[in-house]
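K.L.:
Each chain, written out:
2 protein chains.
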Amino acid sequence: MKAAILGVALLAALPAMAQTTQPVVEDFKPSTLNQPGQRYPQVNSQRYARFRIVAPQAQSVRVSLGLGGRGGTILAKADDGSWIGTTAGPLDEGFHYYHLTVDGGTFNDPGALNFYGSVRWESGIEIPARDQDFYALKDVPHGRVQQVLFPSKSTNTSRRAFVYTPPDYDKDQTKRYPVLYLQHGWGEDETAWSNQGRANLIMDNLIAEGKTKPFLIVMTYGMTNDTRPGGLASFNIGPFQTVLVDELIPYIDANFRTLSDQPHRAMAGLSMGGMETKSITLKNLDKFSRIGLFSGGTISMNDVNNTPSFKEKVKLVFVSYGSREIGGARGGGRGGRGGMGGDPRANADALKQARINSVFYVSPDTAHEFQSWRRSLREFAPLLFRD
Amino acid sequence: MKAAILGVALLAALPAMAQTTQPVVEDFKPSTLNQPGQRYPQVNSQRYARFRIVAPQAQSVRVSLGLGGRGGTILAKADDGSWIGTTAGPLDEGFHYYHLTVDGGTFNDPGALNFYGSVRWESGIEIPARDQDFYALKDVPHGRVQQVLFPSKSTNTSRRAFVYTPPDYDKDQTKRYPVLYLQHGWGEDETAWSNQGRANLIMDNLIAEGKTKPFLIVMTYGMTNDTRPGGLASFNIGPFQTVLVDELIPYIDANFRTLSDQPHRAMAGLSMGGMETKSITLKNLDKFSRIGLFSGGTISMNDVNNTPSFKEKVKLVFVSYGSREIGGARGGGRGGRGGMGGDPRANADALKQARINSVFYVSPDTAHEFQSWRRSLREFAPLLFRD
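Protein chains in written order, with the working numbering: chain Y, 4 to 390; chain S, 4 to 390.
It is worth saying that the hints were derived from the structure and are not from the lab.
No experiment lies behind these values; they were computed from the predicted model shown.
Just to be clear, a hint being listed does not mean it is correct.
[To be verified] Straight-line alpha carbon distances no greater than 25 Å define the calculated BS3-like cross-link-like pairs of lysine-lysine that follow:
id	chain 1	residue 1	chain 2	residue 2
1	Y	K156	S	K174
2	Y	K178	Y	K290
3	S	K178	Y	K174
4	S	K156	Y	K174
5	Y	K141	S	K156
6	S	K174	Y	K355
7	S	K174	Y	K174
8	S	K156	Y	K178
All chains should be modelled from the sequences, with the hints used to inform the complete structure.
P.N.:
This is the structure:
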């Protein structure tokens with residue numbers, strides 16, 4: 004399992020790139036994730052990104068984004084002393100982490116907002132997507148994202164979680180809601196699903212369209228045992244399981260108007276968070292009835308057969324990947340991968356044939372990145388708590 | 004007023020420094036605001052800060068913090084290719100913004116967390132303070148910080164606010180609470196009072212000690228008309244007053260269990276936020292009964308006499324400064340400043356003599372910086388809503 008997590012995590016650094024070059028269309032606009040008033044980075048209609056960094060005395064400036072593992076985008080010095088460069092090809096739609104290398108040092112782009120990933124606050128850029136409407140800030144009723152500090156005896160501190168409450172949560176003080184526990188990936192934290200993932204806006208929009216039942220989403224930090232870079236090598240699910248199952252769930256059920264029985268509790272996660280979800284839910288099927296793994300492993304018939312009462316207790320198994328992570332119609336992907344615990348589509352089909360409610364989703368033209376996971380949440384949420 | 008705001012804002016870049024040098028004590032520890040696992044920046048028991056930046060091919064690395072307007076701290080290249088430097092003297096206790104200049108470009112310290120100030124996300128460092136216990140994360144009941152997105156017709160968008168709700172808010176669903184509207188300073192945003200100011204922890208601790216009545220704090224963005232650097236020159240209170248008074252207050256009263264009458268509503272702000280507070284409250288005394296100006300102007304008898312019903316309607320005027328901003332027993336300060344609208348202590352005394360509930364507070368050994376404002380909130384909160 005350790006190797007599997009690592010294998011998946013590393014892919015995050017390798018967004019797929021088109022190999023052909025085409026004339027660059029000069030319709031670049033500032034990224035929507037720029038800091039206030041900042042003109043760069045920019046994105047054009049071909050999904051190329053352009054970067055501009057002011058560092059007149061620098062010897063070299065490079066952007067980690069643009070050519071996958073092959074050195075990123077190298078900026079060139081312009082007449083005005085700034086450094087400018089454009090990716091050699093289009094980026095995938097959606098959100099991307101990146102950073103700069105300036106004279107051999109790692110820095111963020113001062114033009115862009117920061118997002119926690121890779122165990123550091125990275126720069127972020129947003130490539131407009133054909134389907135971006137589903138996570139846009141729209142004129143609909145908005146839920147809240149509530150920061151709570153909950154006591155954790157096992158880690159001897161107050162820990163932070165964010166709780167999404169739907170728009171009607173504060174209207175009817177008698178209504179109770181199901182809860183989804185939603186985990187980030189390796190190197191990220193409890194801010195990821197709101198900031199990068201826009202989970203709150205996805206829910207607001209789905210609810211406004213009547214596509215999903217309203218429920219709470221609880222997001223907390225899933226790397227309790229080690230926050231240091233490289234800590235994954237010693238990752239152990241035990242400490243986080245204690246925090247989640249023994250501390251956070253009772254706190255949420257005591258402090259929010261939840262439906263606190265097993266049929267009304269789900270867990271999902273992306274990448275490492277999917278691995279955590281699988282590990283924790285299969286050991287705690289008295290507490291969870293719905294399972295979502297977004298680019299984070301699969302559930303096979305072996306798992307089903309090795310887990311007592313699986314068929315009676317599990318009401319939904321949702322597994323998703325970006326098309327570039329797997330083989331498939333629109334994927335430029337890598338085919339079957341050992342880190343997934345077997346072919347995810349075949350596993351999903353096998354569960355379906357065993358009359359388990361199994362759903363498999365592939366995000367078109369995306370890789371191991373947040374656009375796959377935003378779409379996964381959009382597909383997953385409407386399937387939850389329908390009975 | 005424009006010139007006054009600007010004058011105060013500029014001081015934020017000039018933390019006072021001791022002029023004498025002393026042997027540096029080698030007990031440096033990582034700042035509590037470092038990114039996970041990062042060893043630098045560090046702070047020693049003398050309140051000196053030490054910075055270490057890895058940029059092997061750089062020509063020069065400078066830190067904006069350390070010598071006020073005189074060039075900051077210049078780092079020197081060490082044998083291992085990193086750049087290291089220590090401030091030439093102690094920094095004030097508390098929180099400080101800073102950034103790097105690497106080869107002529109402005110970047111953040113990759114070791115430190117980021118905080119929004121100066122119309123950009125800056126690096127932050129925390130100098131341990133003698134009184135840091137009052138804003139520490141302790142094992143007490145914690146309130147929440149709730150992100151709300153409220154509709155704003157005047158700006159044609161959904162705007163963000165953070166609402167602190169005290170620990171007992173979700174226990175007794177019938178209880179209603181007074182509200183403090185609390186504003187950030189120039190170049191900051193609605194995240195400042197929670198992130199830099201630790202307003203939620205200050206309130207949690209005061210409430211746990213029985214020192215203040217519980218109330219809500221609402222924090223939103225106070226620069227509605229211009230987010231560009233330099234926008235202050237064209238600052239106009241009108242658009243923000245519309246957002247606050249006509250849009251946010253009704254939203255909060257409709258969506259939270261507030262006491263929505265004038266006696267139970269206060270407004271306060273730091274620096275530019277103090278100027279906004281004065282301007283908005285004096286025009287809307289049917290809505291506000293308590294006023295707090297933290298390093299952001301004063302209220303004179305002229306103001307009182309020019310504001311109808313001031314004496315009947317205003318139940319508290321709280322004015323505070325850092326000692327280094329003004330003359331005084333422990334201040335190394337600049338004496339009376341035109342930007343304050345007269346001598347703040349004399350103005351406070353005059354109000355008191357006119358039988359207005361006027362409180363003047365000076366934060367010891369601090370300047371125009373967040374430690375002054377954390378302390379101001381600690382002093383201000385217990386005075387609110389006592390009758």
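K.L.:
Give a verdict on every hint.
P.N.:
Against the structure, the hints come out as follows:
no. : hint              : verdict
1   : K156(Y) / K174(S) : holds, 22 Å
2   : K178(Y) / K290(Y) : holds, 21 Å
3   : K178(S) / K174(Y) : holds, 15 Å
4   : K156(S) / K174(Y) : holds, 22 Å
5   : K141(Y) / K156(S) : holds, 13 Å
6   : K174(S) / K355(Y) : violated, 44 Å
7   : K174(S) / K174(Y) : holds, 16 Å
8   : K156(S) / K178(Y) : violated, 30 Å
In terms of the numbered hints stated before, the structure departs from hints 6 and 8, listed from lowest to highest.
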